[in-house]
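Q: Listed below, chain by chain, are the residues.
Number of protein chains: 2
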Amino acid sequence: MATFGDIGVAAGINILFAVAFLVAFAILRLQPINDRVYFPKWYLKGLRSSPTHTGSFVSKFVNLDWRSYVRFLNWVPDALRMPEPELIDHAGLDSAVYLRIYLLGICRLKIFVPVALLSWAILVPVNWTNNTLEKSLATDKVQYSDIDKLSISNVPYGSLRFWTHIVMAYAFTFWTCYTLRKEYATIATMRLHFLASERRRPDQFTVLVRNVPPDPDESVSELVEHFFLVNHPDHYLTHQVVINANKLAKLVKEKKGKQNWLDYYQIKYSRNQSQRPVTKTGFLGLWGETVDAIGYQTAEIERLSKEIAEERERMKTDPKCIMPAAFVSFRTRWGAAVCAQTQQSRNPTFWLTEWASEPRDVYWDNLAIPYVSLSIRRLVIAVAFFFLTFFFMIPVTIVQSLANIEGIEKRAPFLKPIIEIPFIKSVIQGFLPGIALKIFLIVLPTILMMLAKFEGFLSISSLERRAAMRYYIFNFVNVFLVSVIAGTAFQQLDSFLHQSANDRIPKTIGVAIPMKATFFITYVMVDGWAGVAGEILRLKPLIFFHLKNFFLVKTEKDREEAMDPGSIGFNTGEPQIQLYFLLGLVYAVVTPVFIPFILVFFALAYVVFRHQIINVYNQEYESAAAFWPDVHGRIISALVFSQLILMGLMSTKGAAQSTPFLIALPVLTIWFHTFCKGRYESAFVKYPLQEAMMKDTLERAREPNLNLKSYLQYAYIHPVFKNDDENEDDDDINAKLEESVLVPTKRHSKRSTPLPSKVSGASSPSLPNAVSENLKS
Amino acid sequence: MATFGDIGVAAGINILFAVAFLVAFAILRLQPINDRVYFPKWYLKGLRSSPTHTGSFVSKFVNLDWRSYVRFLNWVPDALRMPEPELIDHAGLDSAVYLRIYLLGICRLKIFVPVALLSWAILVPVNWTNNTLEKSLATDKVQYSDIDKLSISNVPYGSLRFWTHIVMAYAFTFWTCYTLRKEYATIATMRLHFLASERRRPDQFTVLVRNVPPDPDESVSELVEHFFLVNHPDHYLTHQVVINANKLAKLVKEKKGKQNWLDYYQIKYSRNQSQRPVTKTGFLGLWGETVDAIGYQTAEIERLSKEIAEERERMKTDPKCIMPAAFVSFRTRWGAAVCAQTQQSRNPTFWLTEWASEPRDVYWDNLAIPYVSLSIRRLVIAVAFFFLTFFFMIPVTIVQSLANIEGIEKRAPFLKPIIEIPFIKSVIQGFLPGIALKIFLIVLPTILMMLAKFEGFLSISSLERRAAMRYYIFNFVNVFLVSVIAGTAFQQLDSFLHQSANDRIPKTIGVAIPMKATFFITYVMVDGWAGVAGEILRLKPLIFFHLKNFFLVKTEKDREEAMDPGSIGFNTGEPQIQLYFLLGLVYAVVTPVFIPFILVFFALAYVVFRHQIINVYNQEYESAAAFWPDVHGRIISALVFSQLILMGLMSTKGAAQSTPFLIALPVLTIWFHTFCKGRYESAFVKYPLQEAMMKDTLERAREPNLNLKSYLQYAYIHPVFKNDDENEDDDDINAKLEESVLVPTKRHSKRSTPLPSKVSGASSPSLPNAVSENLKS
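Residue numbers (the UniProt record's numbering), protein chains in the order written: chain A, 1 to 777; chain B, 1 to 777.
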C-alpha cells in the first residue's frame, strides 16, 4: 500500500542507478581500451580499426580529449539517427524487427501512447472523483494508498461509472488490434521485400530432406539422388549428405580449449621467465599430479590432433557417419519452393522436406532424429516443462534448506569458527537462500535452450523461438501469477483446479490486480529501467574482455575472438518485453497510473537496444523476422487474459450485468487472431511460387551462364570442416573443394583475419578459407 | 433404479419392435412391387431390370412363391458375403470405410469385444462381491437396483479394489489406442491404394483456384491463363472459369417442379376424362383464382422456359456472371499436386489453390466467396452454433407455450368446440409439447447443413463432415450431458462456469454416470436397436415411392427418379455411432453390464448398413474416406472424456490417491492422437509427388497419344448445363462441346435413361448427354 512518496523514493533510487549506469557507460565507451567492448560490430564488419594503434602510450588506454566528455550523451541521437533501411542492411532484418517490438510499445500511432493519453484523460478523473476508499477507511480502517485512489478500486460498488471502464476496454482492444494488424502487415511486407531483394543465397535453392528410408542396396547419397532424379526430374541439381561430425566437433572444441591454456601459460612464462608454470593433471587443474604446464598442454594437444586425424579417417570409411538426411539443391528457386511445400512419399514420415535454414543457422546435432523419436521427445519435454514450471520451487527449497547455517556447520565443521562470526552469519542467513533462487533463474534460459535442443529443432532460430515461448510461460506463471496471488505456482495450480472456472481464475486475480499495482511499478523500475541501463554498460563482457586480453591474446585473431559479442539473445529479451506488454494491457483499464512507467521502459529499452544492435551485437543468423507470428500471438494472448481479468473484476464490483458486453471482447479478439493468422502468417512460413519464378527469370536474364552447381556444391558442409584452422588436416576435403570453380564473394571484407561463418554468408556461401587462400596463391 | 426385470421388459419390447420391423422388411422386400425401393442401387447400376415386366398380373405386385418366404432371413448372409474389395468397387471407398466404423465397435480384434470380455471376467466379479449397496439400504434406505450391484457403485468407499478399475482403465485405453492406430494405418493404406488404382479422373489433374484478384484490363479467364502460363509454364494445360449459374439453376428447378404438376394433372385427366382438373393460382395451389390446371401449368412452363432462355442469354454477355474462380487443369498429376500444395502469390488471400473435388462433389454455390467474408462467416456461424446448442430450448419452449389448449382457443376460436372434447383435449395436451421438440430434432441436421453451407465449404463431402461434427457436439451436450445431469444445456453451462474445474466437470458427472446406466441402456435399445431395424424397413421411401409411382410416373426415367435412394447420410449416421462409442467407453469401467447392449447395436447396425449400402444407397460422391481423421479424433475425444470422468468418480469414492496414476492416461492419449495425426493424417489431406509421378509415367508409357486437353476441357461445367434435357437451349454450349473430341466412357451403363451425374464420373468426366446423343446420331 505504497503512497506516492514511496513510489517517488523507489523511482528516485532506480533512476539514480540507471543514470549511474548510463554515465559509467558514457565514460567507459570513450576510453580507447574499451573500444572493442563497445563497438565490436564495427570491428567484425572490418569498418573500424583499433584506436590503440596510434597516439601516445597513455592515450592508447585513456581518452584525454576533454571535448568528447562534454558530448557524452551523443550516443543517444547517434543510435536513433540511422534510418531503418540502413539498419536492416547493417544488422539484418531480425534485429530491425526486434526493435520494432519495442517501438510497438511506445511510438506515435502504436499501442501504449494513445492508451496512456486516453486513460489519463478519462479514467483517472473518473476514478479520482470518488471517495469509496476514504469512506471505507473511515468505517473499516482499510489501508489504501494514493495510487489506489487513481485506480478502479476507488469506484464504488455497483456504480454506473464502470461503463466508462467497459467502453475504454473496447477502445483499447480495438486500438491494440488495429495497431497489431498494421504492424503484422508492415512486417510481412518488410519480410517479403527483404527476401525479394536479397542476393543469391544457397538456402533459396536448397531443401533439407530428412528421414531418408534405409535401403540395403544403396547408400544414402545414391538413394537421395535417385529419388529426386525420378520425382523432380526437371529441377534437381545436386545434394550434400549430412555427416555426423558431432564427435569431431567435440574433439576440435576440446583442442581449442587446451590451446587456450597453452597460450595462457606461454604468455605467463614469457612475462616471468624465472619460473616455468606448473599445472595439475586432474579435474580443472585442481588436483592430481603436478606437471610442467607448457609441456603437458603441448602433449595433450598432440594427443587430440592425433585423435582428430583418426576420427577424420574413420568418418571417411564408416557408413554410420552418414546420417539419413541431405541438403538437396535445385536448379531454380521454383523447384526448391515446390519441393519444400509438398509431400514427397506415400509414407509421410519418410522423405520429410522443409526449407533449409541458412548454413550458419543450421543446428547440426539434431539432423538425424527419426520421426517416432521426435514425437516421443516432444511428449517428454512437454511433461518436463510442466514440472519445471510448477514444481521448480522444490529443488530450490531443498538447496535453501541445505545451505543454512546448521547445514553448513554439520557438513563442514572446520568452517564453524568463521561462520559463527556474527557479521558473516547474518550475511549467510540473509543472502544464501536468495542466491539459490537467483542462480536458478540465471541458468533458466540455458535450461530452456537445452530442452529445445533435446526436442529436436533443426535451426538455431527455431530453438530460440521455442525457448522464448517457454520462458514467457514460465514468467507468466512464476512472476506474474505468483506475484499477484501469494503462494508457489504449484499451490496456484492446485487451488485453480479446486475452485470454479469463473470464480477463481478471473475473480481472484481480478481482485488482487489493483492491489499489486505498486509492486509491479517497483518491478518495472528495478527489472526494466535499471536492467536496461545495466545492459548498455556490458559489465560482464567488459571484465571478460580485459581478462582474456591480458591472459590469452597473442594474435589479432585471438583479440577478435575475445571481443565476440554474440547475438542479441532473443530467447531472454523477447519474453521480458512480452511480460511488460501483459502488465501494460492488464493495468491499462485497472490502474492507468501504471502506464507511464511502462512507457519509460519501452522508450529507454528502444534507444539502448538500438545502440547495442548498431554497435555491439553480431547476429549469428538471419531468419528474416520469422519470429513475428509468435510475438503477435503472445500479445493477443495477453490481451485476452486482460479482458478475462477485467470481467472477473467487474463481477466482484457489482457490475456483473456488464459480463455479456465484455464476453464479446475475447471472442472478437480471438477471431481477429485467426483472421491475421490466415491473412499474414503464410508470409512467414511459405514461399510463394510467383516470387520464386520472378527471381528465377530475372536471374536467368542477368546471368545466363551462371554455374549454380559449383555455387551450391559445398554450401552446406558441417562447420567443423569450415572453421578449422589446421589446413593440413583438411587435405581430403580441400582437394575436393579445389576441383570446383570458385564463385567470388561480392562483399569484400576488410577484416584482418578470416572468420567466415560470422560475417559472410549473406551473399555467397562461405567457402572454406583454405580454398580461398589456396586459390589466391 | 431399474431392476433386471425392468430392463428385461424394456429389452423385450424393443426386441419385439426390432423383430417386427425385420420381419416386415423380410416380407416386403420379396414383393416385386417394392423391388425398386429395396434394391434401387442395382437398378441405378443397370444390373437389375424390373421384375414387374414379366409373369402374371398378380405376380407383378405380390410374390406368390412360398419358398422365398422360407428363406426370408437370407438377406443377412447375403449382406455379409460380399468381400470388401468387391464392396469398394460396388459402392465406393467412402461406404466401405463407413462400415468399418461399425466394425471397429464390434469385431474380433476391435474395440469392444475384448473390452466386454475383460470387464465381465474381472470387473463384474469385483463389483458384485461387495455389499456396499445392501448396507446403505439397511442404514439410509437408499434405493438401488440389481444393475447397480454390478457397477462401481457397489465397491465400498476407499476400497483397495479400485486399483482393479484403474488397471482396467489402462488396459482399455491401450487396447483402444492400439486398435485405433491399426485401423488408421489400414484405412490410410486403403485410401492410397484406392487413389493409386483409380482410373483417370479429371480431379487428379485439376486444381480449384479461388480469389483471383480483380484486374481492370483483363477478364478472369485471361488473367488465370496468364498467371499459370507464367508461374507453371511446363505444366499448365487449360482452365474453366466458374460461372455463377445459381439463378439459372433455380429457374430450372422451378420449371421441373411445374413439370411434375403438369404430369400429375395429365395423368389424373387421362384416368378420369370427365372432368378437367383445376387448380388455384395462389400459394401452393391453396387459394387464389381457380383456373384450368393443365393449361395453367403449361403456361407457367412456357414462361419459365422463356426466362431460362433470357438468363442464358444474359450469362453469355454479362461479365458479372463470371466468378473470380477457376478450375485449372495441368498436363500431369505432378503439376496439379504441386499447384494444390503450394502458395502461389505473395498475398496469401489471392490465388488460393486447393485440390478440386470430383465434379459431382463440388458445391457450386460457394465458389465465389472472398477471403474476408469467409472469415467473418466462420465467426458468425461459430457464435450461432454456440447459441443453437445451449439455447435451443428457448424457442422450443415458446412454441410449446403457444401450442397449448388456451393458446389455440384464443387464436382460433372456431376450433373451440372440437378441442373441448375430452379425448382430443388430452391428446393435444399430451402430444403437442413433445411434437415441437421432436420436429426441431428432425430438422436439426438440415439446420446444421445450412450452417455449413453458409460457412462457405466448397464440396458436399466437407459440408457433411462439418455438419456431422456439429451434430456430434449437439448430441454430446443435449443428449449425453443433459441426460446425465438434469437441467437444460444452458443451466449446465452456467453451473459449469460457477463451479470449480475439477469439482464440477468430472465429479458431478462422475457421480451421476453410474446412476444413469439404466437410462442409457433403454436409450440404446430404443434409439439403437429399434432405430436400426426401422432403417432397414425404409418406411418413408416405401410410401413416397408408391405415391410418386401412382401420381407422377409417366416414363421409365420418372420411375428412376422416384426411386432415387440418395446417399447414406454421413452427417446423421456418424454422430450417432460416435455417441455410442462415447457411451461404451464411459461405461466400460463404470458399469460393465452396459457393454453387451452396445455390442448388439454395433452388430445389428453393421449388418443392416452393409445390406443397405449394397442394395440401396447410391453415394453421390466419392471422397475416398476423407472423413476418417474426424472419426478418429472424435473417438479419441470420447476416450479422454471417459478418463476424466473416471478421475472425478474415483476422487469421490475415496480413491483420490489414484489421481496421479489416472492423469497420465489423458496425457498419453492426447500424445497418441498427435502422433497418429502426424503419422497418418497427411494421407488424407495431401497427395504425395512420388505417387503422382508414378501414375504420370505409367500413363505416358501406356497412352502416349492421349489428348488430355479435350478430356479435361469440359469436366467442370455447372451441372445445370449438364443435366438439362432441353437440348434446344444448350445450342451455344453444345456447339462448343462438339468441337472437342469425345473420349469414350469405359464403363458402359445399361441404364435405360441417361442420368449422368449419378453413376458415371468414376472413370470419365460426364460429358453432357446432349453431346453423346449428338455424336451417336
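Treat the hints with care, as some may be off.
Note that identical chains are pooled: a pair holds if it fits in a single copy or bridges any two copies.
Stated by the list, open to error - Each computed SDA-like pair below joins lysine to any residue, with the alpha-carbon atoms no more than 25 Å apart:
no.: 1; residue 1: Lys306; residue 2: Arg161
no.: 2; residue 1: Lys306; residue 2: Asn272
no.: 3; residue 1: Lys540; residue 2: Gly569
no.: 4; residue 1: Lys438; residue 2: Thr572
no.: 5; residue 1: Lys677; residue 2: Ile308
no.: 6; residue 1: Lys695; residue 2: Ser345
no.: 7; residue 1: Lys253; residue 2: Asp365
no.: 8; residue 1: Lys677; residue 2: Asn347
no.: 9; residue 1: Lys695; residue 2: Asn347
no.: 10; residue 1: Lys256; residue 2: Asp365
no.: 11; residue 1: Lys548; residue 2: Phe414
no.: 12; residue 1: Lys686; residue 2: Pro370
no.: 13; residue 1: Lys686; residue 2: Met168
no.: 14; residue 1: Lys548; residue 2: Gly569
no.: 15; residue 1: Lys540; residue 2: Pro445
no.: 16; residue 1: Lys268; residue 2: Thr298
no.: 17; residue 1: Lys45; residue 2: Asp292
Keep in mind that the hints were calculated from the coordinates and are not lab data.
Q: Now, for every hint given, state plainly whether the structure supports it.
A: Here is what the structure says about each hint:
no.	hint	result
1	Lys306 to Arg161	neither (80 Å within a copy, 65 Å between copies)
2	Lys306 to Asn272	neither (32 Å within a copy, 112 Å between copies)
3	Lys540 to Gly569	within (15 Å within a copy, 70 Å between copies)
4	Lys438 to Thr572	within (15 Å within a copy, 59 Å between copies)
5	Lys677 to Ile308	neither (49 Å within a copy, 43 Å between copies)
6	Lys695 to Ser345	between (28 Å within a copy, 13 Å between copies)
7	Lys253 to Asp365	within (15 Å within a copy, 65 Å between copies)
8	Lys677 to Asn347	between (29 Å within a copy, 13 Å between copies)
9	Lys695 to Asn347	between (33 Å within a copy, 17 Å between copies)
10	Lys256 to Asp365	within (20 Å within a copy, 69 Å between copies)
11	Lys548 to Phe414	neither (35 Å within a copy, 106 Å between copies)
12	Lys686 to Pro370	both (24 Å within a copy, 21 Å between copies)
13	Lys686 to Met168	neither (38 Å within a copy, 46 Å between copies)
14	Lys548 to Gly569	within (22 Å within a copy, 76 Å between copies)
15	Lys540 to Pro445	within (17 Å within a copy, 68 Å between copies)
16	Lys268 to Thr298	within (15 Å within a copy, 114 Å between copies)
17	Lys45 to Asp292	neither (40 Å within a copy, 95 Å between copies)
Hint check: violations occur at hints 1, 2, 5, 11, 13, 17; the rest are consistent with the structure.
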